[in-house]
Amino acid sequence: MPAQAPISRDVARQAAHWLVLMHEQPLSAAQQQACARWRATNPEHERAWQRVQHVQHQLGSLPSAMAMGTLNRERRQALKTLLVLAAMAPAGYFSYRFGAGQGWMADYRTGVGDRQQLTLTDGSVVDLNTDSAVDVRFDAGQRLIRLVRGELLISTGIDPAGRPLRVASEQGIMEPLGTRFSVRQFSGITQLAVLQGRVRATPAQAAPKVVEAGEQVQFSREAFGPLRPASELSTRWTQGQLVAENMRLSDFLQELSRYRPGRLHGDESVSDVRISGGFQLDNSDAILAALPMTLPVKVEYRTRYWVTVSKA
Amino acid sequence: MSDDPLGLLYSEHNRWLTGWLYRRLGCNSQAADLAQDTFLRILTSQRKTGERLTLDRPRAYLATVGQRLVCDHFRRQSLERAYLDMLATVPEAFALSAQEQCQMRETLFQLDALLDRLKPIVRTVFLLAQLDGLTYVQIARQLGIGERTVKRHMASAFEACILSDVAL
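Residue numbers (the UniProt record's numbering), protein chains in the order written: chain C, 1 to 312; chain U, 1 to 168.
Looking at chain C on its own, in the form it has when it is part of the complex (with noise of 0.2 Å):
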């Protein structure tokens, strides 16, 4: 796979100016085109709009106070001295670069909010869900599908050279018997669901556990959590749908804020509202401003990416 072309400053300079504006109010609907139709210009637009999604991503699942606390801190002035010293070194050699970002450099990436699917050489179709990153690598022994990060669903396809077909995770690998499955990947902890089929998952220290139709399992490193019944219900965000049967609301808003950049959370005051009912990511705004209207909450936006729901 080609590493990606670092991303151009005229290029950073323009995504910057619309996220600018973005977080100073609303965009109108012509501003929301612009937006939409620079983005779509090309893919550099795009990776540089998706590489602030990812940090405002990543600083709206920090804690916030704990955020400010550390991140703000004041640098020590030894570390001053040090950075003007590397400063000093001759320019050339900061060509010198760190290693691949946790999917940044994968194959196939979606970013927050987004959804793709990829059909492979043999035929299997895998779906990716909202920020998620996988490498495709299918060589003279097997064809691996490694997930870097996020969540996928696969139907695997019947390779005529009989490879088999494993998918890897941080914790270990999940190999198919010829079926549908779905896997994701949370910190420290992969998730498997099989809806046909079976399929036989070898985390890194521990022994192999086929995994039967219907059931569902997580598992770290060294070892497995108890079987749980796998639903159907857990695979529609394929088709852009989140189910929800009488679900903790503080869970929901965890699971949407998945497909939204920025900071969604529900304070103490609701820990005890349930939720259920089928939504529509592609508009998760619409989903919370329909909350209100169902459930005795409120729902505040501070700005498009902090929003907190709280008893009305």
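Don't take every hint at face value.
[Claimed, not checked] Straight-line alpha carbon distances no greater than 20 Å define the calculated EDC-like cross-link-like pairs of lysine to aspartate or glutamate that follow:
no., chain 1, residue 1, chain 2, residue 2
1, U, Lys119, C, Glu255
2, U, Lys151, U, Asp165
3, C, Lys298, C, Asp285
4, C, Lys209, C, Glu175
5, U, Lys119, U, Asp165
6, C, Lys311, C, Asp251
7, C, Lys311, C, Glu300
8, C, Lys298, U, Asp132
9, U, Lys151, C, Asp10
10, U, Lys48, C, Asp107
11, C, Lys311, C, Asp267
12, U, Lys48, C, Asp135
13, C, Lys298, C, Glu255
14, U, Lys151, C, Glu24
15, C, Lys209, C, Glu222
16, C, Lys311, C, Asp285
17, C, Lys298, C, Glu268
It is worth saying that the hints were derived from the structure and are not from the lab.
Following the hints, put chain U in place on chain C, whose structure we already have.
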């Protein structure tokens, strides 16, 4: 000539690099660790670019890479301290599992590396907007600067996020 320039670099200069790092860190085992990391970084970056190592001044090169790792090391240390201080005062952090805390710390380290290149005022403006959700007017008032300046700082923070080579 050896056809493994990195191996040659290692055997000729590892001891020197470890000593050089020791003078900055004041700890033998840390110096040895960072020396290994330095060679590892060079190896990975070479693999990625596919370039062969040709150096006129190998020690200057090693020192540059090593210096960057020393900075990372100190920055991580100072972040770690701030993190532990915050953990003691932020009640919502206690509700997190050990795993979530670990994830949170990793995210903090990455963001910290990203924000480290920003001027302090730019960083403050950016974080007030992103974390506290303040408007430009509110930020301007809080920091006693003009609204146009706030926007300029926001723009340069966004640009830096896009252009940074920090892995996210």
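To see whether the hints hold, each was checked on the structure:
1. U/Lys119 with C/Glu255: Status violated; Cα separation ~35 Å.
2. U/Lys151 with U/Asp165: Not satisfied, since the Cα-Cα distance of roughly 23 Å exceeds 20 Å.
3. C/Lys298 with C/Asp285: 13 Å, holds
4. C/Lys209 with C/Glu175: 10 Å, holds
5. U/Lys119 with U/Asp165: Holds, because 17 Å separates the two Cα atoms, which is no more than 20 Å.
6. C/Lys311 with C/Asp251: This hinted pair holds, its Cα atoms lying about 16 Å apart.
7. C/Lys311 with C/Glu300: 11 Å, holds
8. C/Lys298 with U/Asp132: 19 Å, holds
9. U/Lys151 with C/Asp10: Holds, because 18 Å separates the two Cα atoms, which is no more than 20 Å.
10. U/Lys48 with C/Asp107: With Cα atoms ~15 Å apart, U/Lys48 and C/Asp107 stay inside 20 Å; holds.
11. C/Lys311 with C/Asp267: 8 Å, holds
12. U/Lys48 with C/Asp135: 16 Å, holds
13. C/Lys298 with C/Glu255: 18 Å, holds
14. U/Lys151 with C/Glu24: Answer holds: U/Lys151 to C/Glu24 is near 9 Å, not above 20 Å.
15. C/Lys209 with C/Glu222: 12 Å, holds
16. C/Lys311 with C/Asp285: 18 Å, holds
17. C/Lys298 with C/Glu268: Judged against 20 Å, a Cα distance of about 13 Å means the pair holds.
Going down the numbered hints, you'll see the structure goes against 1 and 2, while the others check out.
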